[in-house]
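Colleague: Take a look at the letters that make up each chain.
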Amino acid sequence: MEAVLEAFLSHYNYGMAIILMMIGLYALIAKQNLVKKLIGLNIFQTAIFLFYISFADVEGGIAPIYLPEGMEAIYVNPLPHVLILTAIVVGVSVTAVGLSLIVRIYEEYGVIDEAGLLKMVKRR
Amino acid sequence: MIEHLPVLLVTVPIVAALLILLLGWHDSRFCYPLTLATILFQFAGGIALLIEVMREGTIHYYLGGWAPPLGIEFVIDTFNGYILPIVLLLALATAVYARRSVEKEIKPEKIVSFYVLFQLLVTGLVGMTITGDIFNLYVFLEISSIAAYTLIASSRKPRAYVAALNYLVLGSIAGGFVLLGIGNLYVATGTLNMADLARLLPASYGLATVHTAFLLLVIGFSIKVALFPLHLWLPDAYTEAPSAVTVLISTVMAKVSVYAMFRVIFSVFTTAYFVETVPVTELILFIAAVAIVAGAVLAIAQEDLKRMLAYSSVSQVGYIVFALGVANQIALEGGLLHILGHAVMKGCLFMVAGVIIYRLGTSSFSDLKGVAATMPVTCAAFALAGASMIGVPPTIGFASKYYLVLGALEAGHWVYAAVLLAGSLLAVGYIWRFIEVAYFSASSHHEGGDHHPAPGVREAPLSMLVPMVILSILCLVLGIFVDPLMKIVAPAVSLLLGGA
Amino acid sequence: MVDVTGLLPAVTVVIPLLAAVMILVSGRHENIRDGFTVAAAVAMLVSVVAMLPSILSGERITISLIPLLPGGDLALRVDAFGMVFALTAAVLWLLNSFYSIGYMRSLKEHAQTRFFFCLAVAIAAAIGIAFSANLVTLLVFYEILTIITYPLVVHVETPEAMAAGRKYLAYLLIGGIFFLAAVILTYILTGTTGFVPGGFLAGSAPPLTLQILFVLFMVGFVKAAWMPLHGWLPAAMVAPTPVSAFLHAVAVVTAGVFGIVRIAGWVYGMDLLASLGLGTLLAVIASFTIITASLFALTEDNLKRRLAYSTVSQLSYILLGVSMLSIAGMTGAMAHIPIHAFLKITLFFVAGAVIVAAGRERISDMKGIGRKMPVTAVMFSAAAIGICGLPPLSGLISKVYLALGAVEGGVPILLIVLIASTVLNAAYFFPIIHTMLLGRPDDERSLDSVSEPPLTMLVPIVLTTVASVLIFFFPSMPFMDLVEIAIGEITGSVIP
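Residue numbers (this note's numbering), protein chains in the order written: chain A, 1 to 124; chain B, 1 to 500; chain C, 1 to 496.
If you're looking for bench data, these hints aren't it; they were derived computationally from the structure.
Check the hints yourself; a few may be wrong.
Sample of chain C residues lacking proximity to chain B, with all beta carbon distances greater than 12 Å (derived) [as the list claims (entries may be wrong)]:
hint: 1; residue: L24
hint: 2; residue: S57
hint: 3; residue: P70
hint: 4; residue: L94
hint: 5; residue: V156
hint: 6; residue: F288
hint: 7; residue: L295
hint: 8; residue: E300
hint: 9; residue: L390
hint: 10; residue: I413
hint: 11; residue: P441
hint: 12; residue: D442
hint: 13; residue: D443
hint: 14; residue: S446
hint: 15; residue: L447
hint: 16; residue: L470
Derived CB-CB ranges, DEER-like [to be verified]:
hint: 17; chain 1: B; residue 1: D483; chain 2: A; residue 2: V58; range: 43 to 49 Å
hint: 18; chain 1: A; residue 1: K119; chain 2: B; residue 2: V457; range: 30 to 36 Å
hint: 19; chain 1: B; residue 1: W414; chain 2: A; residue 2: V58; range: 31 to 37 Å
hint: 20; chain 1: B; residue 1: L22; chain 2: A; residue 2: K119; range: 41 to 47 Å
hint: 21; chain 1: A; residue 1: V82; chain 2: B; residue 2: V12; range: 48 to 54 Å
hint: 22; chain 1: B; residue 1: L476; chain 2: C; residue 2: T192; range: 56 to 62 Å
hint: 23; chain 1: C; residue 1: T209; chain 2: B; residue 2: L8; range: 54 to 60 Å
hint: 24; chain 1: B; residue 1: L8; chain 2: C; residue 2: T192; range: 43 to 49 Å
hint: 25; chain 1: A; residue 1: S100; chain 2: B; residue 2: K104; range: 37 to 43 Å
hint: 26; chain 1: B; residue 1: H60; chain 2: A; residue 2: G116; range: 53 to 59 Å
None of these values were measured; they are calculated from a predicted model.
Backbone N, C-alpha and C fix where the C-beta goes; we use that ideal spot for every residue, glycine too.
The task is simple: from the sequences and hints, build the whole structure.
Modeller: Take a look at the structure:
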């Protein structure tokens, strides 16, 4: 038990990412409102971003900025930050497309919840 | 020029997409020739690269001159050298086909954006195919996916919005899984270059991180290729999308996703990992067999041509994944052959569905009685491609089936070989639905009713007919000249298995 | 046995394919289109006959077209046994072409272009089967034949025909799957699928595997319509009569039995079959089919369906001959292929002529019809007598060999089967003859409108009957000579 706790505490950043992911997935599945579903998707994606950022961290590291001659410092790993910058752009685009689709669905069917939508789609 | 071809295949179309947007704003007549010219350039480039690879061996291109593992590289070897021309051939055929189809199925004010997105989708897929960097793969995957969501939603039918949103949600979850898997790989090895990963990974095969990464990547790509039971987004997306988009995503996009799955499993993890370290081949085979049968049974149950073809895709993906499960030379040759074969025949079949929608405004079986009388060429194309789907010799569908069964039997998977054969029989069940209705529909002759399903129905316009007929003839030609084709496929398979 | 390379086998297969394309192109002009059918039939017959002398001199003509799949190139090889089938098919296709044209035009059938297109492709596939040099090529043509005959079977497009078509397709395609499995298995066991006289499977696998493989092949050749897998054949009788003639005599069922004989003689070899005990299996299947199908035939009132069951029964004579695993039995089996084809096509031609000229399909409606169509009825009687195995028609030849084979093979019980079957044949054919020639119609005036069919139909009927008589008097020219060479090829000995 102690070992498990130990493992969890030493990697609690991963644990948090997983918990966040599960919250996101839960919202995605359980929420009726389409916008809330999309928020769930966002939470899910953000959890992954945080996962990346957290493993890039080095204890005591600072932002990887080029320092003048003679100064030494430990940097955090910059690569995951760069990757996540790209992934955030992807996430924003997906959200934008998703929201505009929801707007269109609302215009067409006049509903914004899943059950109502299913009913409307079947009726047509 | 030729040494920069790999990057030009990605950058030129992005510039072209911008150009289409700007010029198309001015006058939408510019869109079509520009799109066609760009894809023609890409196709020629793809062929040139294949020839180069077959002659000189693997091509490495360092983006901006930064050598890997720091920089991103494009790698063209025999495997993606084989996939790339398939992708671009189908993209070209779809581009030619799209013009008339789009005029009918998409609102005029959206046509410019259709061509822009079409171009971006193809570009994203080309990027996925040739990149040698796994994060780059993810980025291109998302580019093509976002383009696909919007293209599906560009249909006039409101249901397409719902289908697109469903696909968006599931596609994003898949993307998230892939991203997470890549993160785990990076944690384990500190690199993102695929060749580098393959080199460094064996040292950490035992780590839970690597297992997690494998699982996440496989699940992510399984959603993308619509492997049963993760196919739920597919039927609606394929059915509701405009016909040209259906053709593109059902052939090109589906095949590139399969490519990515194969690439990650074989080139990053290698057979040594997934056959010996985590023996999942039996499980993969089982899932593939279920997919083949379930997809075909669902297809038989459909009342609409397009939806039936969509479920058929679920079944056919099973064939390709089947090869992955057997994982020996001959079966994989069959699998790679089926990537080509299925792209060609399903492209043709969806084009037929599109032509029928273009002329009749519906693809429901009950409205298609005796359609062969008025659209003989279209229906003949369907019959030929359908025969290939069933696996009638000497079509390409038969060749891939032959290799798959041979491979499975050689590996001793008797039961699964039997399931595969039975599955191909089920294909008769759904292909014949259309054949019976179109050709031998009793009502058109014996009840004195009129021959024509609707007044004024004619054969499809030439620009839709030509790509469709070419693809259907390809089903036959590739099947007959399958041996020269194997000269390209066999080295690709050896490359995939080479890591073992 | 000398192998020579020659282009003629490929030309023979390509001729009807080209004709098929031309038929599609010229579909709107009836006369030009049918001209292509006839021209191709003549050209193909010439091309087959041109190969005959070199085959009779003991050569085999081979040509390898392209490498296809592991296990076999797309390759053709004309040997004596293939020639038996090809010659039969080529001659009968020519006659059937005239007959079809007459039949289709008389009845003003719809979709004639589709009909003649499919017939042309089907004959190409049949010739391909006859000339296949290996199992892969055989499989390719076999499956093409299945698919391309489907439109012929469902030609009338009634719900009944569609149901029959589904049944036809289901049986034959499932059979095709078994055949495919068998081919692949053969390749895995031996690394080859090329036909070798006397077989090449011996010693490649444990007996049980080879026995299972043989069953796979048997189910694969469901076209041979052995019981209980015969259901598709009577169902396919909804097709127009020329199609029935084509299915029964020219191509389809013949392809099935041809395949089984090929497997027996050129894949397994008679010695291996004997040591595996498969002769007994075949004998049981064949005897059961012969007797049961004849009994079914007795109960059918529809002439075409009765003939269908007669075919099922007669095809099993060929299986019976193979099962004896003796030289005489095998001879009888091979000889029965052309002999039965010529006789059965006459019977179907007559059945079609009665439909065209009198519009009747039921035997009970045919009372006295021979008075108005004497030639037709007499030809029918002659062919029926031939099937029963009475002189002076060719049917006697194969029966004698089969009887000899039964004695030689030491299975006299098969002799009883043969005798019983002859009695049953007579029992279901003689009433028809009696009805046609001697029966009195219930209403004399109902026959007023009946007359002989058009010449395009009548001439083929007479020719096929005459051919059967000629085969009886001159058996060696050329069929028995070919059979003799084939027997020599697989056993190394001569016909008794």
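Colleague: With reference to the structure, classify each hint as holding or not holding.
Modeller: Each hint, compared with the structure:
| no. | hint | in the structure |
| --- | --- | --- |
| 1 | L24 | violated (9 Å) |
| 2 | S57 | holds (33 Å) |
| 3 | P70 | violated (7 Å) |
| 4 | L94 | holds (27 Å) |
| 5 | V156 | violated (8 Å) |
| 6 | F288 | holds (27 Å) |
| 7 | L295 | holds (32 Å) |
| 8 | E300 | holds (25 Å) |
| 9 | L390 | holds (42 Å) |
| 10 | I413 | holds (36 Å) |
| 11 | P441 | holds (30 Å) |
| 12 | D442 | holds (30 Å) |
| 13 | D443 | holds (29 Å) |
| 14 | S446 | holds (26 Å) |
| 15 | L447 | holds (29 Å) |
| 16 | L470 | holds (38 Å) |
| 17 | B/D483 to A/V58: 43 to 49 Å | violated (57 Å) |
| 18 | A/K119 to B/V457: 30 to 36 Å | holds (35 Å) |
| 19 | B/W414 to A/V58: 31 to 37 Å | violated (55 Å) |
| 20 | B/L22 to A/K119: 41 to 47 Å | holds (43 Å) |
| 21 | A/V82 to B/V12: 48 to 54 Å | violated (25 Å) |
| 22 | B/L476 to C/T192: 56 to 62 Å | violated (26 Å) |
| 23 | C/T209 to B/L8: 54 to 60 Å | holds (56 Å) |
| 24 | B/L8 to C/T192: 43 to 49 Å | holds (48 Å) |
| 25 | A/S100 to B/K104: 37 to 43 Å | violated (24 Å) |
| 26 | B/H60 to A/G116: 53 to 59 Å | holds (54 Å) |
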